[in-house]
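**Student:** Protein sequences appear in the order of chains A and B. Residues in the first sequence are numbered from 277 upward in steps of one, following our numbering. Residues in the second sequence are numbered from 76 upward in steps of one, following our numbering.
Each statement offered as a hint is correct.
Here are the simulated lysine-lysine pairs, DSSO-like style, with alpha carbons at most 27 Å apart:
1. B:Lys268 - A:Lys290
2. A:Lys470 - A:Lys385
3. B:Lys359 - A:Lys470
4. B:Lys359 - A:Lys385
5. A:Lys332 - B:Lys226
I should point out that these hints are in silico values taken from the structure, not numbers from a laboratory.
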Amino acid sequence: MSNSEPKSNTLRSKRRRSALRTAAFLSPWLIGFTVFFAYPLLSTVYFSFMHYDGFKPPTWAGTRNWTYVFEHYPYFWPALRNTLWLVLVMVTLRVLFGLGVGLLITRIKTGTGVFRTLFYLPYLAPPVAATMAFAFLLNPGTGPVNSLLEGVGIPAPGWFNDPAWSKPALTLLALWGVGDLMVIFMAALLDVPKEQYEAAELDGASAWQRFRFVTLPNISPIIMFAVVTGVIQTMQYYTQPLVAGKVASGVIQGAGTLFEPGYPDRSTLTLPQLVYNLGFQRFDYGSACVVALVLFALSMAFTALLMRRRGGLIQAGD
Amino acid sequence: MTHVLDKPAESPATVTPTARTARRRALLEWIAVHSLGVAAALFFTLPFVFVLLTSLMSDSQALSRNLIPDPWQWDNYRRVLDTPGFLTWWRNTLLYAGLGTVLTVVSSLPVAYALAKFRFRGRNLTLMLVISMMMLPPQVVVIPMYLFWAKQLDLSGTLWPLIVPMAFGDAFSIFLLRQFLTTIPNEYVDAAKVDGCGELRTLLRVVVPMARPGIAAVALFQFFYAWNDYFGPQIYASENPGAWTLSYGLESFKGAHHTDWNLTMAATLLVMAPVILVFFFAQKAFVEGVTLTGVKG
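Whenever a hint applies, use it, and build me the whole structure from the sequences.
**Tutor:** Here it is, written out as structure tokens:
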């Protein structure tokens, strides 16, 4: 619309009108981006160098908040280690399981719709509700899962009450809600050209070879997408570990309740919980901003990775 | 694979041995696949079943290891609904999710339209910024935002700090709508302009009716987002139980009822139920939206 030479006056005013029109259509986002993101992000950087408790005026702190978070704050490294564990185990298992369920659903020929809905439903369960449900199902005292395990003679773990089992319990919860990945993989699997399977079959390829040399290469961009978005989601993992820890520890929530995060034994700490702990329980806004910036940097790094893959996220539009 | 089963049986004489083994193979595969399917279905549905069964137990039975309620205590659901606050949380959630969804769609649509159909300098940069924001957790800017809403506008203890920003476009909704709008052929947009429609009229009269499935998907996602949101109400509403939402209040339910798993599970199901009902009515739009988020292209 604005690519011809700006010679005549009418053309120039046309250009200006089109620029104004674009700005008008973009205005909600431009305002939102400035007021609710760009400005607060700069404030976050500013506060990360200030002492501020919300009551006394902020005072310059230099890098003390940063050294505090990295060297003295007892929750930072456990939270990072937990995140690493969750990325390695939970994301991997979730992608594999999602792919498996996707493969299964494409092979089910009878009652496909019913199976698909049943597989998908848990993904929709609100995170707090789903976590409460699992806290009950897996509770070591009277939970149905441990009752069943003991019934068949398998030693029952302490799940959300045992530091060694709390992350596996969260992983189980994440696998239950695998519906989003299932749908994505299902769509990708159905997109694989049929002729390639037929050609492979004519060449006498076994089922495994067909999967390895036809299916996998075709869906590898989607696997990559699932892994990277999984990593991003894991760094931001908040509601499930927090609620699981609170419910398992038996802490009653309410205004001003102090809750030692990460129950049991810091095993469910994640980075976003630290922002809450530092900012809204300890009123150390400066250090909370340091963690917020770490979270920002990590999220951006993986988002850049996601966007560098051509064609994955951005559809060629006009 | 099942076409083998569906076919009318041929007379045994015409079936060659290889055809018979192929048939048996297909039948075995059908059985294997569907057994796995049933096993997976049990994994996905049993948690719901256990939660439902427990929600119908008596107080003492919920503390035992019994799996089947005896007697079936439907009264538990009335006890949950009678809990002080529960209906307020319900109303707050509907306000947050309902108003928030409307505001998000209205404010995100023009932005998505501009990103999909206008040509201007900085379009790709804008799109990249939208995608980057989509990937950011709310915790990144929560400290200044909280100070802004609580200290400067004195709005903590309400849901307004969560609802008002939705009038200024939501990154995920903009992205999803933009993905959808790019699939609408430019000819329709151009034809409307030839007919003398301005951009706004073109958007409202031509594009919106065609983009209905995309808008439905965005509205659903946004509704679910607000319904499920825990962090937002925790930051802004926690000090005032009158402003709590279901997702936030549910947890306090466990606290107030200590070990009454039966009531807690009944409340849990009451929080899950609306989302699942909405899904059943809008399944197609929803699944379409999920696939649209990143796979097409």
